[in-house]
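Peer 1: Given next are the chains, with one letter for each unit.
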Amino acid sequence: MSILVLAEHHDGALAGATAHVVAAAQQIGGDIDVLVAGENVAAIAEAAAKLDGVSKVRVADNAAYAHLLAEPTAALLAELAGDYSHVLAAASTTGKNVLPRVAALKDVAQISEIIAVESPDTFKRPIYAGNAIATVQSEDALKVITVRSTGFDAVAEGGSAAIEAVDFVADNAQSTFLKEELAQSDRPELGAAKVVISGGRGMGNGENFKLLDGIADKLGAAIGASRAAVDAGFVPNDMQVGQTGKIVAPELYIAVGISGAIQHLAGMKDSKVIVAINKDEEAPIFQVADYGLVADLFQALPELEQRL
Amino acid sequence: MKVFVAVKRVIDYNVKIRVKPDHSDVDLTSVKMAMNPFCEIAVEEAVRLKEKGVATEIVAVTIGPKAAQEQLRTALALGADRAIHVETDERVESLGAAKALAKLVEEEQPGLVILGKQAIDTDNNQTGQMLAALTGLPQGTFASAVDVDGEKVQVTREVDGGLQTVELTLPAIVTTDLRLNEPRYAKLPDIMKAKKKPLDVKTPADLGVSVGSRVKLVKVEPPAERQGGVKVGSVDELVDKLKNEAKVIS
Ligand SMILES: Cc1cc2nc3c(=O)[nH]c(=O)nc-3n(C[C@H](O)[C@H](O)[C@H](O)COP(=O)(O)OP(=O)(O)OC[C@H]3O[C@@H](n4cnc5c(N)ncnc54)[C@H](O)[C@@H]3O)c2cc1C
Numbered sequence: 001m002s003i004l005v006l007a008e009h010h011d012g013a014l015a016g017a018t019a020h021v022v023a024a025a026q027q028i029g030g031d032i033d034v035l036v037a038g039e040n041v042a043a044i045a046e047a048a049a050k051l052d053g054v055s056k057v058r059v060a061d062n063a064a065y066a067h068l069l070a071e072p073t074a075a076l077l078a079e080l081a082g083d084y085s086h087v088l089a090a091a092s093t094t095g096k097n098v099l100p101r102v103a104a105l106k107d108v109a110q111i112s113e114i115i116a117v118e119s120p121d122t123f124k125r126p127i128y129a130g131n132a133i134a135t136v137q138s139e140d141a142l143k144v145i146t147v148r149s150t151g152f153d154a155v156a157e158g159g160s161a162a163i164e165a166v167d168f169v170a171d172n173a174q175s176t177f178l179k180e181e182l183a184q185s186d187r188p189e190l191g192a193a194k195v196v197i198s199g200g201r202g203m204g205n206g207e208n209f210k211l212l213d214g215i216a217d218k219l220g221a222a223i224g225a226s227r228a229a230v231d232a233g234f235v236p237n238d239m240q241v242g243q244t245g246k247i248v249a250p251e252l253y254i255a256v257g258i259s260g261a262i263q264h265l266a267g268m269k270d271s272k273v274i275v276a277i278n279k280d281e282e283a284p285i286f287q288v289a290d291y292g293l294v295a296d297l298f299q300a301l302p303e304l305e306q307r308l
Numbered sequence: 001m002k003v004f005v006a007v008k009r010v011i012d013y014n015v016k017i018r019v020k021p022d023h024s025d026v027d028l029t030s031v032k033m034a035m036n037p038f039c040e041i042a043v044e045e046a047v048r049l050k051e052k053g054v055a056t057e058i059v060a061v062t063i064g065p066k067a068a069q070e071q072l073r074t075a076l077a078l079g080a081d082r083a084i085h086v087e088t089d090e091r092v093e094s095l096g097a098a099k100a101l102a103k104l105v106e107e108e109q110p111g112l113v114i115l116g117k118q119a120i121d122t123d124n125n126q127t128g129q130m131l132a133a134l135t136g137l138p139q140g141t142f143a144s145a146v147d148v149d150g151e152k153v154q155v156t157r158e159v160d161g162g163l164q165t166v167e168l169t170l171p172a173i174v175t176t177d178l179r180l181n182e183p184r185y186a187k188l189p190d191i192m193k194a195k196k197k198p199l200d201v202k203t204p205a206d207l208g209v210s211v212g213s214r215v216k217l218v219k220v221e222p223p224a225e226r227q228g229g230v231k232v233g234s235v236d237e238l239v240d241k242l243k244n245e246a247k248v249i250s
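In the order they appear, the protein sequences are chains A and B.
Taken in order, the first sequence gives residues 1 to 308; the numbers are from the numbering used here.
Taken in order, the second sequence gives residues 1 to 250; the numbers are from the numbering used here.
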């Protein structure tokens, strides 16, 4: 068996998710190559070469792969896939955009968001917003898979894999990158943070999200949100935690003014410790919370910031 | 421009699902079914494009059992002009659905195909991307804004870091995210009118495709249940528990 992992990277740096995908690849077993595609990605390739368990880093450094648009990136992966039994990527918006396209180009199914490897062709994945866990077996020779980071502990760094260039350049006259509006934040990434504090509709408005800032500063936490808070325009979309947003599993998750709809729980119920602050003692979030505080958040949050 | 919208019949998003005692699948007997929420957003977007004069005809398509015609009728009530039902009782996964859709796209040559980014049953998030691959068309996934401008479409995408805008040549495939629009409800007179709108039924064999899945569902289990914990009486007690009992803060 041989596995190709598509490296995830942002702003010129290898993203943490890649080390989790390599861990999933190790559980499948066999040689693991990492593909770094993008423009000016030499430093990213070097970082990928250090990940434990990687045999080779293949680098497609070309303007064609800038921003990892789906059309050229999928064409590249489809071109290289012939050498492999598995193609893996993080279940990020990049992986989710590109991998189904690769699978269809190769006329195979794609398996989304695996959380466990049972054998090289059998995997576990959540369905129905995580209210059921399916064990699925691929009957295709090539397995194309996205990996949920929270299911696999990241591999360490200590390797020194060979780095080799890939010459293939995909033609793409169909899609052009225009612009990006990326959230600027000094806080840890939601998916990687040890502590996450999220606000919901109960926060009332965007301004009130500042009440979470001081607490997040003290705990080194990332700040998340429910869909209702994003839909209402309190905070941007990249903060949404849930079935159709980001999946997090920190040591500590604090849900503030969030009712606990199944779609929200889908994104955070694997957290180690869950705290809920809600003024409605019947709120479903309390059914999953290790520690529930029935209180008005406008009183509880300043107090919490002070006590920490 | 002709616009295709794909819709899927799924469990209503408010329903808490049950796993069958034999762990073969989830139990959908006498469960409330509905149009997948992301497909509702897709239909709404198509209707808005027609209201703006960009779309001239909206064709709603579904692949699934006979009962899925209910969701096609909903799409017709919301403003689709006609519907195509690819009828099958097989367990259809994304690749099969994409193959059937690709055949229809080849036959009918729409300028734009809009799909939901994911169905809330399998949570696959694949069909639009696969359809784009099979038709050789560009894709704008997880859209929060769609602007058709002559021969091109600009799609603003919800990505992990924020928003990304791409420009695609038409025809193109778009998948919807939650913030694209807020779907309207069907009005009673439109529901009545929808009953008379054309609905074509085809089989996968008519289209010359096989829609069966090559991913075997080995078993389905309920997730590990989380035990509810305790209620604390004050912020002080909460901080104390987090420090000394859970030991997650210092
Ligand atoms: C297709 C689909 C996908 C979805 N995906 C997601 C997703 O990924 N993530 C997600 O989060 N949701 C998602 N949802 C939405 C989900 O169903 C809920 O609507 C949403 O999570 C509710 O957000 P909320 O808890 O903030 O708001 P509400 O349900 O309105 O809850 C607000 C809570 O705040 C409490 N509150 C109000 N004021 C105060 C106060 N002063 N002090 C303390 N507490 C207060 C209230 O008691 C209430 O419990 C999705 C829905 C659909 C249909």
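Just to be clear, a hint being listed does not mean it is correct.
If we take Cβ atoms under 10 angstroms as the criterion, some of the chain B residues that face chain A in the derived model are [claimed, not checked]:
id	residue
1	13
2	89
3	90
4	98
5	231
Keep in mind the hints are simulated off the structure, nothing from the lab.
Think of the CB as a built atom: it goes at the ideal place given N, C-alpha and C, for glycine as much as any other residue.
Peer 1: Could you run down the list of hints and mark each one as holding or not?
Peer 2: Structure-based check of each hint:
1. 13: For residue 13 of chain B, the interface hint holds, since the closest Cβ of chain A sits about 7 angstroms away, which is under 10 angstroms.
2. 89: Status violated, d = 19 angstroms.
3. 90: At 14 angstroms from the nearest chain A Cβ, residue 90 of chain B fails the 10 angstroms test, so the hint is violated.
4. 98: Holds, because the Cβ-Cβ distance from residue 98 of chain B to chain A comes to roughly 6 angstroms (cut-off 10 angstroms).
5. 231: With a minimum Cβ separation of about 5 angstroms from chain A (threshold 10 angstroms), the hint on residue 231 of chain B holds.
Of the hints listed earlier, those the structure fails to meet are numbers 2 and 3, in rising order.
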